[in-house]
Amino acid sequence: MFSNRYIYIYASVMVIIVAAALSTASELLKPYQNKNIENEKFQGILSAAEVDVPRSQANEAFEEYIVEELAINSEGDVVCRYVDGKLIEGDVRPFNIVLKDELKLKKDFKYGKAKRNPKWPLYIMDIGGELKYVVPLQGVGLWGAIWGNIAFDSDFNTVAGTSFDHKSETPGLGAEINTKEFQNQFKGKQIFDQNGNFVSVSVVKGGVANSAINPIHGVDAVSGGTITSNGTSEMLKDCIENYVSYIKKNINNNE
Amino acid sequence: MSSTREPLFSSKNIKLLTTPLGRENPITVQVLGICSALAVTVKMQPAFVMAVSVIAVLAVGNVVISLLRKTIAPRIRIIVQLVVAAALVILVDQILKAFVYDISKQLSVFVGLIITNCIIMGRFEAFSMSNKPWPSFLDGIGNASGYGLILIVVAFFRELLGSGTIWGYPVIPQFLYDIGYKDNGLMILPPMALIVVGTIIWVQRAKVKELIED
Chain A
75 MFSNRYIYIY ASVMVIIVAA ALSTASELLK PYQNKNIENE KFQGILSAAE VDVPRSQANE
135 AFEEYIVEEL AINSEGDVVC RYVDGKLIEG DVRPFNIVLK DELKLKKDFK YGKAKRNPKW
195 PLYIMDIGGE LKYVVPLQGV GLWGAIWGNI AFDSDFNTVA GTSFDHKSET PGLGAEINTK
255 EFQNQFKGKQ IFDQNGNFVS VSVVKGGVAN SAINPIHGVD AVSGGTITSN GTSEMLKDCI
315 ENYVSYIKKN INNNE
Chain B
6 MSSTREPLFS SKNIKLLTTP LGRENPITVQ VLGICSALAV TVKMQPAFVM AVSVIAVLAV
66 GNVVISLLRK TIAPRIRIIV QLVVAAALVI LVDQILKAFV YDISKQLSVF VGLIITNCII
126 MGRFEAFSMS NKPWPSFLDG IGNASGYGLI LIVVAFFREL LGSGTIWGYP VIPQFLYDIG
186 YKDNGLMILP PMALIVVGTI IWVQRAKVKE LIED
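Line order of the protein sequences matches chains A and B.
In terms of the working numbering, the first sequence opens at residue 75 and continues consecutively.
In terms of the working numbering, the second sequence opens at residue 6 and continues consecutively.
Fair warning: there could be bad hints in the mix.
[Stated by the list, open to error] Over 12 Å on every C-beta distance to chain A, these chain B residues come out as not near it, computed from the model:
# : residue
1 : L26
2 : P138
3 : W207
[What the hints assert, rightly or not] Derived pair list, reagent style DSS-like, types lysine-lysine, alpha-carbon separation capped at 25 Å:
# : chain 1 : residue 1 : chain 2 : residue 2
4 : A       : K178      : A       : K115
5 : B       : K110      : A       : K254
6 : B       : K102      : A       : K104
These aren't lab readings, by the way, just hints derived from the structure by calculation.
All C-beta atoms, glycine included, are put in the ideal place defined by N, C-alpha and C.
Using the sequences plus the hints, can you model the full thing?
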């Protein structure tokens, strides 16, 4: 028979061995995993501006096309600037800003609970002499997180392209947001109306043609994916509105 | 213990490997591991990776449990089995994330859920707790392959009819689409996996009469 003492020692030793083995494995594999995640982020940003590269080459392509990485605050001032692999201004590379945390800060900020002002990353790309602005997006769908990037032409009003992805939306329904057919609909849409007011781009259930929304500000939803579509609209509005003061200060004045 | 050593591939050992593929198949006969069979069989590639992962976890786990079997106190045996299964599953998950990131994304939570795959704990408890390492290893390979076989067969039909591809390559000629053929979106949804598995069970029982229950 096994004594209680034996069982306690056996269980403790087993747990220690397993914990040591797993943490070693995790540490050894972490660099590979992080590289995959980072490359995927590069790839998403590029693909919004219609630069499609395989994940293994995403890093080089990113360095080639991105002119500047900025982080702006809600007043529209640049707080971080990262150019050519060097941080020129601020304390954090905009690429490394975790959008989810900033969105949470924004919510806290409203209630006066935030410790600091949220920062919003902005990527400026140069594709064959044309400037594109890429804004990262983060939101919630039906089953989990959805995220993506939206690229604007140099007027920061007309959408040049989008890329979306999701954690666990329903295949065939909400999950369709990561298909080209859905994403291409956004091309040419505008986020400001004629009076210069921010209206964002909405994903409209039942089709834009049957709704009161100006077709320049809406795209058709995926049928059967209502909550994912609403989440996408919400995400676009919630993320793009943070850049409005930056756009008003910088882009419109230059025209 | 017998004094003469049993050959490595005696007919008894071969049986351990082959019966779970057909007569004792974990999915179609024992009806274990159904939930992941529904979830990861939309495309063949993830189904294949899932099958390989389960084979690795079950074969290694069976050997580990079998080696430890004399030291495991019966009172904590389920805990020990669970720890071994969980540790292996986490290891597999980490390796997939590092080296086949796209597929690991498609499999998402289901790799972690290998822990809850009844086949794993079932084999630990029923076989490797009372058998030597080598037969346990074969039993693990056999049972996990029986599971993987069904997974791949189901995925083959779902991918072919649901997406018109096999292993990601389009196989339905374009002219069929031109004259109005459409991929069946229903095949992509989990309920159809259940129906495909049901069909396989039906075919199997029609062939092997002994499996039919009263």
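### Task
State the violated hints by number, sorted upward, taking the hints as numbered earlier in the document.
none
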